[in-house]
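Assemble chain B onto chain A, guided by the hints.
Protein chains: 2
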Amino acid sequence: MTVNRQWLLAKRPDGMIGPDNFKYTETPVPTPGDQEVLIRNLYFSFDPTQRNWMVDRPSYLPPVGLGEVMRAGSVGQVVESRHSDFNVGDLVQTTGCWQDYVVLAPGEGPMGLNVLPPGVPPELMLSVLGITGITAYFGLLDVGKPIAGDTVLVSGAAGATGSVAAQIARIKGCRVVGIAGGPEKCAWLTDSAKLDVAIDYKAGDLDAQIGAACPDKWNVFFDNVGGSTMQAALNHISLNARIAMCGGISGYNDIEPQPGPNNLMNLVTNRGRMEGFIILDYLHRAAEAVQELIGWVGSGEIQYQVDVQEGFDNIPATLQRLYTGQNKGKQLLKIADPE
Amino acid sequence: MTVNRQWLLAKRPDGMIGPDNFKYTETPVPTPGDQEVLIRNLYFSFDPTQRNWMVDRPSYLPPVGLGEVMRAGSVGQVVESRHSDFNVGDLVQTTGCWQDYVVLAPGEGPMGLNVLPPGVPPELMLSVLGITGITAYFGLLDVGKPIAGDTVLVSGAAGATGSVAAQIARIKGCRVVGIAGGPEKCAWLTDSAKLDVAIDYKAGDLDAQIGAACPDKWNVFFDNVGGSTMQAALNHISLNARIAMCGGISGYNDIEPQPGPNNLMNLVTNRGRMEGFIILDYLHRAAEAVQELIGWVGSGEIQYQVDVQEGFDNIPATLQRLYTGQNKGKQLLKIADPE
Numbered sequence: 001m002t003v004n005r006q007w008l009l010a011k012r013p014d015g016m017i018g019p020d021n022f023k024y025t026e027t028p029v030p031t032p033g034d035q036e037v038l039i040r041n042l043y044f045s046f047d048p049t050q051r052n053w054m055v056d057r058p059s060y061l062p063p064v065g066l067g068e069v070m071r072a073g074s075v076g077q078v079v080e081s082r083h084s085d086f087n088v089g090d091l092v093q094t095t096g097c098w099q100d101y102v103v104l105a106p107g108e109g110p111m112g113l114n115v116l117p118p119g120v121p122p123e124l125m126l127s128v129l130g131i132t133g134i135t136a137y138f139g140l141l142d143v144g145k146p147i148a149g150d151t152v153l154v155s156g157a158a159g160a161t162g163s164v165a166a167q168i169a170r171i172k173g174c175r176v177v178g179i180a181g182g183p184e185k186c187a188w189l190t191d192s193a194k195l196d197v198a199i200d201y202k203a204g205d206l207d208a209q210i211g212a213a214c215p216d217k218w219n220v221f222f223d224n225v226g227g228s229t230m231q232a233a234l235n236h237i238s239l240n241a242r243i244a245m246c247g248g249i250s251g252y253n254d255i256e257p258q259p260g261p262n263n264l265m266n267l268v269t270n271r272g273r274m275e276g277f278i279i280l281d282y283l284h285r286a287a288e289a290v291q292e293l294i295g296w297v298g299s300g301e302i303q304y305q306v307d308v309q310e311g312f313d314n315i316p317a318t319l320q321r322l323y324t325g326q327n328k329g330k331q332l333l334k335i336a337d338p339e
Numbered sequence: 001m002t003v004n005r006q007w008l009l010a011k012r013p014d015g016m017i018g019p020d021n022f023k024y025t026e027t028p029v030p031t032p033g034d035q036e037v038l039i040r041n042l043y044f045s046f047d048p049t050q051r052n053w054m055v056d057r058p059s060y061l062p063p064v065g066l067g068e069v070m071r072a073g074s075v076g077q078v079v080e081s082r083h084s085d086f087n088v089g090d091l092v093q094t095t096g097c098w099q100d101y102v103v104l105a106p107g108e109g110p111m112g113l114n115v116l117p118p119g120v121p122p123e124l125m126l127s128v129l130g131i132t133g134i135t136a137y138f139g140l141l142d143v144g145k146p147i148a149g150d151t152v153l154v155s156g157a158a159g160a161t162g163s164v165a166a167q168i169a170r171i172k173g174c175r176v177v178g179i180a181g182g183p184e185k186c187a188w189l190t191d192s193a194k195l196d197v198a199i200d201y202k203a204g205d206l207d208a209q210i211g212a213a214c215p216d217k218w219n220v221f222f223d224n225v226g227g228s229t230m231q232a233a234l235n236h237i238s239l240n241a242r243i244a245m246c247g248g249i250s251g252y253n254d255i256e257p258q259p260g261p262n263n264l265m266n267l268v269t270n271r272g273r274m275e276g277f278i279i280l281d282y283l284h285r286a287a288e289a290v291q292e293l294i295g296w297v298g299s300g301e302i303q304y305q306v307d308v309q310e311g312f313d314n315i316p317a318t319l320q321r322l323y324t325g326q327n328k329g330k331q332l333l334k335i336a337d338p339e
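Note that the protein sequences, when read in sequence, are chains A and B.
Here the first sequence is numbered in the numbering used here, starting from 1 and rising by one per residue.
Here the second sequence is numbered in the numbering used here, starting from 1 and rising by one per residue.
Keep in mind the hints are simulated off the structure, nothing from the lab.
Hints are supplied without guarantee of correctness; some may be wrong.
To be verified - Pair by pair, the computed Cβ-Cβ distance ranges are:
#1 P259(A) with K172(B): 33 to 39 Å
#2 D216(A) with G211(B): 49 to 55 Å
#3 P259(A) with T2(B): 51 to 57 Å
#4 P257(A) with A317(B): 37 to 43 Å
#5 I147(B) with G15(A): 36 to 42 Å
#6 D216(B) with A10(A): 32 to 38 Å
#7 E68(B) with D216(A): 40 to 46 Å
#8 A203(B) with P183(A): 52 to 58 Å
#9 P259(A) with D216(B): 26 to 32 Å
#10 A187(A) with G107(B): 51 to 57 Å
#11 E26(A) with D254(B): 55 to 61 Å
#12 P118(A) with H284(B): 52 to 58 Å
#13 E256(B) with K172(A): 36 to 42 Å
Yeah, the Cβ is synthetic: ideal placement off N, Cα and C, and Gly gets one too.
So here's chain A without its partners, still in its complex pose (with noise of 0.2 Å):
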């Protein structure tokens, strides 16, 4: 426990990211001050936000510089405390960034520093009952505002998120048609997931499969990918249907923005509401979702997959994963085990 070893980010992205964009350095392991805790990271969450933080543009939360260390949510473990409320060995959720050593007070960082329940393992912890989960809970119930019987269309549904928001809607009483890429996921979805039907976008013509699925149009779409799944889905919108918007993981790698839908009228004929929100603005009712997460799961009534690569190395190609699709529901890499 000499070496802090870290991925830097070293250019801005241009198109899609790759290994450039990144450098690895050693640094000493860092010294908690009063009131702070020095945490090992032990895994790595992955989310296609991500790429929005490496771009200096105004965003929800400041770029990170170039030459500083990556950020990215974490699990660690508490290896030294000068703090009352953490003790050697506690796990902990934080914003750890790509490194093995970090150095926190409470309140630092976007997601502040919380002790895991008891018995939660990171890796659910990272997931479901993580910002992920409690994404899809806020965006869904309180944006999509679905109501038992409708017809609610998630776009990346196998992925972390749409595969919670999707279940969430399946337990709310709703038809839920999932979109994914490949038959492997869209069998998940429907023999895991439950879902009523799943569409796998690279079998083509997007708009028609999403008007066989949905013969009465969809009522809520909660999106994560944008672009042209977002025109096809407008194509298929009920009066006085939701669009939660979550993400557009479809543009994040282009190097000119890609045109936006051509019918985004629909809107207007159909009273349709799109409303974009960032979990950040949730996280003071976050109890209030992980309690009701935690009993889905414990029920099974929540099926869940995580992609848990390993290997400090493999980091930054791991991020890469989520814009190629190569990930199979939540993707974590672990650099070590507890002690």
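Below, chain B alone, put in the same frame as chain A:
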């Protein structure tokens, strides 16, 4: 009073509408049945959405059929009544369509059949106190939800609906920026309608002009235009902003739909809401709007312009004025004076 002149929908539009979309004909004056009234049309209302009614696709009203009289809002005068609520000589607002005479029963037609309040001239009833004013009222207040101190951006701000929305925003204590085409319309916006800033989109670089006019970005966007105007506006959206989508006149005459805004993701990062509405959903609350609008017109707080063309032959060409931006405020056409 033997001939009923009519303009029929002869051909569905393909690109910009023109004279060949309509066909002139003459039929006998119809006879009212029991509980019906015979109305002589005096004024026609011209509204951008009429182009949408000419297209054979599902929308908020059924399309006008080929060979049917073109649908239009109107003010007329009762010339024969077989209904106890209507007297000969009454001025009525309804959907009289492009013809001299129409037979209607109360409740027929998308806008019903309503006697004008005493003393309200037809030109005011078909502008600020009619569908366009009511659209502005509910679209701005119920969908846009401006708060005093907000910056409100309005496109099509010199138009019938936009000009009322912009002035209501001003009355509600907002800073108002209007977008219009040409120096004459812009001068009217600042000099008569008392907007804070008028942007002439024909002067170029709309994006930079919006940025300069909204240094703290905008909180509410009342949009009548869509397309590239929406894209430019979305570059200057503030946190928790609202877009009231009233229409998208820029695209109504496109043969191929134009691409949508390439920056819809700004709705996510800013937690923005984009919502379409149709005034038919608010007609049951029309009295609430009309009462306030009458007061504001009476006090001079709302200024308005009506552009009254004349002559039955000029009806099709007058509709086209909307899409070329020739109209100065609310576009009307008069075919007869009340008796």
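Practice item. Take a look at whether the Cβ-Cβ distance between D216(B) and A10(A) falls inside 32 to 38 Å. Key: holds, 35 Å
Using the beta carbons of I147(B) and G15(A), state whether their distance is inside 36 to 42 Å or not.
holds, 41 Å
Report task. Starting from the hint 55 to 61 Å, judge whether the C-beta atoms of E26(A) and D254(B) obey it. Result -> At roughly 58 Å between Cβ atoms, D254(B) and E26(A) fall inside 55 to 61 Å, so the hint holds.
If I claimed the Cβ atoms of E68(B) and D216(A) lie 40 to 46 Å apart, would that claim hold in this structure?
violated, 29 Å
Do E256(B) and K172(A) keep their Cβ atoms within the hinted range of 36 to 42 Å?
With Cβ atoms ~39 Å apart, the hint holds.
message = Tell me if the beta carbons of P118(A) and H284(B) are separated by a distance inside 52 to 58 Å.
response = Since P118(A) and H284(B) have Cβ atoms about 55 Å apart, the given range 52 to 58 Å holds.
| field | Cβ separation of P257(A) and A317(B), checked against the hinted range 37 to 43 Å | value | holds, 39 Å
Regarding A203(B) and P183(A), is the given constraint of 52 to 58 Å on their beta-carbon distance met?
Holds, since A203(B) and P183(A) (Cβ atoms, about 54 Å apart) stay within the stated range.
**T2(B) and P259(A) - C-beta distance against the hinted 51 to 57 Å** = Roughly 55 Å apart at Cβ, these two residues keep to the hinted range, so it holds.
- Task: Given the hint of 51 to 57 Å, check if A187(A) and G107(B) actually sit that far apart at their C-beta atoms.
- Result: With a Cβ separation near 54 Å, A187(A) and G107(B) satisfy 51 to 57 Å, so the hint holds.
Does the Cβ distance between P259(A) and K172(B) fall inside 33 to 39 Å? holds, 35 Å
Starting from the hint 49 to 55 Å, judge whether the C-beta atoms of D216(A) and G211(B) obey it. violated, 43 Å
Comparing the model with each numbered hint stated earlier shows that hints 2 and 7 do not hold.
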